[in-house]
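**Student:** The residues making up each chain are set out below.
There are 2 protein chains.
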Amino acid sequence: MYFNPVETLPRKELETLQTERLKKTISMALQSPYYSRTLGEAGVTPESIRSVADVKRLPFTTKDDLRNEYPYGMLCKPIEEFVRLHASSGTTGNPTAVFYTQHDLDEWASLMARSMYSCGIRKGDVLQNMAGYGLFTGGLGIHYGSERLGCLTVPAGAGNSKRQVKLIRDFNVTVAHIIPSYAMYFSEFLHHEGIDPESLPLRIALIGAEPHTEEIRQRIESMLHLKAYNSYGLSEMNGPGVAFECTEQNGMHVWEDAFLVEIINPETGEHVADGEIGEVVMTNLTRQGMPLLRYRTRDLSRFIPGECACGRTHRRLDRIQGRADDMLIIKGVNIYPMQIEQTLMSMPEVGQNYLIELFREGVMDQIRVKVEIREEFFVEDMRKLQGLQKRIATRLRDEILVTPRVELVQSESIPKTQGKAKRVVDLRDD
Amino acid sequence: MYFNPVETLPRKELETLQTERLKKTISMALQSPYYSRTLGEAGVTPESIRSVADVKRLPFTTKDDLRNEYPYGMLCKPIEEFVRLHASSGTTGNPTAVFYTQHDLDEWASLMARSMYSCGIRKGDVLQNMAGYGLFTGGLGIHYGSERLGCLTVPAGAGNSKRQVKLIRDFNVTVAHIIPSYAMYFSEFLHHEGIDPESLPLRIALIGAEPHTEEIRQRIESMLHLKAYNSYGLSEMNGPGVAFECTEQNGMHVWEDAFLVEIINPETGEHVADGEIGEVVMTNLTRQGMPLLRYRTRDLSRFIPGECACGRTHRRLDRIQGRADDMLIIKGVNIYPMQIEQTLMSMPEVGQNYLIELFREGVMDQIRVKVEIREEFFVEDMRKLQGLQKRIATRLRDEILVTPRVELVQSESIPKTQGKAKRVVDLRDD
Ligand SMILES: [Zn+2]
Ligand SMILES: [Zn+2]
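Protein sequence lines, in the order shown, are assigned to chains A and V.
With the first letter of the first sequence counted as 1, position 243 gets the number 243 in the UniProt record's numbering; the numbers rise by one all the way through.
With the first letter of the second sequence counted as 1, position 129 gets the number 129 in the UniProt record's numbering; the numbers rise by one all the way through.
Because the hints were derived from the structure by calculation, they are not lab data.
The beta carbon of each residue, even a glycine, is placed where N, CA and C say it ideally should be.
Keep in mind that the hints are not guaranteed to be accurate.
[Stated by the list, open to error] Mimicking BS3-like on lysine-lysine, the simulated pairs with C-alpha atoms at most 30 Å apart in a straight line are:
#1 V:123 with V:63
#2 A:162 with V:63
#3 V:77 with A:77
#4 A:56 with A:24
#5 A:422 with A:390
#6 V:227 with V:123
#7 A:77 with V:166
#8 V:331 with V:416
#9 V:390 with V:331
#10 A:23 with A:77
#11 V:63 with A:24
#12 V:24 with V:63
#13 A:23 with A:63
#14 A:63 with V:166
#15 A:166 with V:77
#16 V:384 with V:416
#17 V:12 with V:24
#18 A:77 with A:166
#19 A:384 with A:63
#20 A:166 with V:390
#21 A:123 with V:77
#22 V:12 with V:56
#23 A:63 with V:162
#24 V:23 with V:77
#25 V:63 with V:422
#26 A:12 with A:23
#27 A:123 with V:24
#28 A:390 with A:370
#29 A:384 with A:416
#30 V:63 with V:77
[Stated by the list, open to error] Quick look at which bits of chain V chain A covers, simulated, 3 or more residues with Cβ under 8 Å:
#31 66 to 80
#32 97 to 107
#33 148 to 161
#34 167 to 176
#35 408 to 415
[As the list claims (entries may be wrong)] Here are the simulated distance ranges between beta carbons:
#36 V:215 with A:222: 35 to 43 Å
#37 A:11 with V:193: 54 to 62 Å
#38 V:47 with A:222: 53 to 61 Å
#39 A:160 with V:169: 31 to 39 Å
#40 A:16 with V:4: 37 to 45 Å
Make the full structure from the sequences, and use the hints.
**Tutor:** Here is the structure:
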C-alpha cells in the first residue's frame, strides 16, 4: 500500500525522472540572480545535463550563500508569486529565509502526506499536532500534510500537557506529532498524573525535528505504548517530509523524485563510496519558486545498502550521525565521533562516558579512546580486562578503519561536562 | 473591484440563493443526531422552506446545545470525513468543538480571502500573521485566507516584538494581522524603541478577534500610521471571515451567501425592526460537515440601514455592542449599556467614567445615569451645567427611547473598579 506509485518506481525509471527534473530545475534556477551568476560561471546549462551523475558539475550551495543572498537573491519568480515564507531566527548575522509558491506548498503537503502514509497513518486517523506553529517549519508542515492525507487534525500546538491529554481522550487521537524532548517530558507527566499511557488511544508518534538516538526512540515507544517514527527534514528543503521511516523502522526513505541526494566527503567534496558516512547534499527536483542546487546540509549520514522489505525503491538514509563540522581526519581517514559512540554504546560492558584523544607520535596522528567500564565488569582479572580491551579496539577498527589505542577506566572517572559533552580532545600541536 | 461576483448580487437573487442553500443545509443537518431529533420534533423538512422568512420555523441552537452534543452530536458526516477541528478551552464544563471537512476549509479560506480583498488587500501584499496559531481560529483562519488571496504570508505568531519589527522590515510587510490589545502594546514598543511607525512599510492592520471601540481603532490607526479594519467572526461559524469592513469603514458586510443572519430580541426570540439592536443569530448556508442552524451568538449588533458606497449588496453589521446577557429591560424597553456608553463618549464634555443605576419608583422602573464631567467643563455656572445635563438626557432618550435621570458629577468621583468596569447597578428589590 503506497500513497504515490512513484514510491516503487524501478531505479532506472527513477533516475530518468530525476534527470528530467534536474534539467527543468536548472532552467528555473537560472531565473534567480544567484544561480544565473554561479551557474553561468560554472558553464552549466540544462542541455549539458545528460544523467544524474552530471549533478557533480554544479557548484555547491552553502548556508553562507543563503545568508548572503538574504532575502530575495535565490528567488526564481517575482516576489508576488510567493505565498509563504519561513525564516530562521538569525541570532547571529543574517537569518536565512525560504519562500514557497502555492505549487511548492502543494508539493510539500503531498510529500508530507506520503511520508505519514509510509509509517502507517491513514485517513480516519486523528492527528494531534503537539509542536509549535509559526516560523518553525515543523508545525505547519505536519499540519498541511495531515489535512492532505485526510486525517482529522487537532492543531493543539506545544505545551499544556493537561489539555493535550484531554484533547487526546476527547477526540480519540491516534497519532501525535511531538518532538523527542517533549515526548520524554510528556511521558513523565503522564506517569506523575497517574495516567496509564495504554489507556490513551495513541498508536503512533512522529518524533522528527530533533536528532535523537535509537535508545531515545525505544524509550518513547515503551513509555508511551506506541510506535515512534523518525524522520529527516530541514527548512532549506521545505521542512519535514524529506525522508521518513516506513513501518520497517530501518532507515528513512528519502523521496528521490523530489530530492537528488549525494553523500560527500565534506573535506574534498567528492562522493563517498556507497554505504559510507558523509555529508548529505541535496538538490530540489520539484520546487519552482526557490530551488536549491547541491545544498550542503552539514548533516552526516549514509545510505543504508540493500532493498527495503516494504517495497519502496527510494534509498534509505541512516539516522543523522552528527554534523559535518565534527569530522576528524586521522591518518588520512575521515572519522566521525558518532561512529565511535555508536560502537561503544552497543557493548554491554561500556558505561556512560568516553573520551576521544588525538595525539601525535613522530609524524603520525594517533587516536586514543578512554572508555568507562561498568562497575560489574571492571573485575580484577587482568586477562578478562585485556580481552575486553582488545574486543573494543577490534570493533572500533572495523567501524572507523583505524586502530585506536583503547584505555579502560573505572566508571565516573572521566570528568563530566555541563551541557553538551566534550567528547574529543585534540592534543596535536598544530 | 470584487473578489467574488456574489458580493454585488442584487438582493432578490441573493435571497433566492439563500433559500436554495437553506434547504440544502437542512437536508444535510438532518444527517446529524442532534438536528434529526430537533428538526424532527419541529416538523421541519427541506421542502417546507419556501423563502428565507421560513427560517423562523427552525428551532434555535445555543452554546449549551453545542456543549451537550460535544463532541460528535452535530456532525452530519462520518468522523473520517473531517480534516480539522477547533475547540474552545472549556475551563468550565464541556468545551465546544467545531469540525471541518476539506470542503469547509476551502470555503472558509475563500470567505477569508474575500474579506481581506474587500478592505483593499491584494496579491502582492505581504501579510504578517502576528496572532497565535493553534486551536484559536484567528491564526489559521487568517493564514489560509492570506495564502488563498495570494499574499506572501509570514507566520510570525504572537509576541517577540523586536523580531516582528525585523520581519516587517526585511520582508517589506504591508499588512499585519494583530489583535487590538497587542496592536496597542506594539505601538508603545515602537515608541519606546525610537522606531518611527512611518518608516515601516505597513499600510493595513486587521484587528478583529477582540471587540473594541471606534476610539481604539482610531488610536491604532494614528499610532501605527495605517488603516485598521474591524471584522466579526466566531469559531462556531468557522472563525474570522464572517463579516468584514470594506474600505468605507462603515459597518461590516456579512457574507449573506454563506450566512443567513437574523437580529432578534433575546428575550422574545422575535425579529427586531430593521436597524434596531438585538442578538445576532446565524445559520450556515455553505458548511457541509457541521452546519449550525439559527445559532444564538449572544453578540449584540444591528444592521446598518441603507446601501454601502462600495457597491456590495450584502448587509452591514454594526460594531458589536456587547453581549445579549447585558440587556436591561426598563419600562418594557430593551436597553443595552453599550448604547449609553457610545452616546456619552461622543460628547466632548463627558469624562472617563459613568454609572448606570436602575431603581424603582412606586411600580415604575427608572434609570439614572451618573456622568463624570471633565474638569474644564465642570464650571460653576449652574445654567451651563443644567444645559449640559439636559442635552445628555435628550441624546440618551433619542438612543434608548427612555428618558433617564442624569446626574453630573466631578471627574474621579465614581469609584474605579479593577479589571472589567462595573457599569450597571441594579437597585430594584426583586
Ligand atoms: Zn521501507
Ligand atoms: Zn462596503
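**Student:** All hints are to be evaluated individually against the structure, with a verdict given for each.
**Tutor:** Do the hints match the structure? See the list:
| no. | hint | verdict |
| --- | --- | --- |
| 1 | V:123 with V:63 | violated, 37 Å |
| 2 | A:162 with V:63 | holds, 24 Å |
| 3 | V:77 with A:77 | violated, 41 Å |
| 4 | A:56 with A:24 | holds, 16 Å |
| 5 | A:422 with A:390 | holds, 25 Å |
| 6 | V:227 with V:123 | holds, 18 Å |
| 7 | A:77 with V:166 | holds, 23 Å |
| 8 | V:331 with V:416 | holds, 29 Å |
| 9 | V:390 with V:331 | holds, 21 Å |
| 10 | A:23 with A:77 | holds, 17 Å |
| 11 | V:63 with A:24 | violated, 54 Å |
| 12 | V:24 with V:63 | holds, 23 Å |
| 13 | A:23 with A:63 | holds, 23 Å |
| 14 | A:63 with V:166 | holds, 20 Å |
| 15 | A:166 with V:77 | holds, 23 Å |
| 16 | V:384 with V:416 | holds, 27 Å |
| 17 | V:12 with V:24 | holds, 19 Å |
| 18 | A:77 with A:166 | violated, 45 Å |
| 19 | A:384 with A:63 | violated, 50 Å |
| 20 | A:166 with V:390 | violated, 57 Å |
| 21 | A:123 with V:77 | holds, 14 Å |
| 22 | V:12 with V:56 | holds, 19 Å |
| 23 | A:63 with V:162 | holds, 24 Å |
| 24 | V:23 with V:77 | holds, 17 Å |
| 25 | V:63 with V:422 | holds, 25 Å |
| 26 | A:12 with A:23 | holds, 17 Å |
| 27 | A:123 with V:24 | holds, 27 Å |
| 28 | A:390 with A:370 | holds, 13 Å |
| 29 | A:384 with A:416 | holds, 27 Å |
| 30 | V:63 with V:77 | holds, 21 Å |
| 31 | 66 to 80 | holds (count 4) |
| 32 | 97 to 107 | holds (count 4) |
| 33 | 148 to 161 | holds (count 8) |
| 34 | 167 to 176 | holds (count 3) |
| 35 | 408 to 415 | violated (count 0) |
| 36 | V:215 with A:222: 35 to 43 Å | violated, 59 Å |
| 37 | A:11 with V:193: 54 to 62 Å | holds, 57 Å |
| 38 | V:47 with A:222: 53 to 61 Å | holds, 59 Å |
| 39 | A:160 with V:169: 31 to 39 Å | holds, 33 Å |
| 40 | A:16 with V:4: 37 to 45 Å | holds, 44 Å |
In summary, the structure is inconsistent with hints 1, 3, 11, 18, 19, 20, 35, 36 from the numbered list given earlier, while agreeing with the others.
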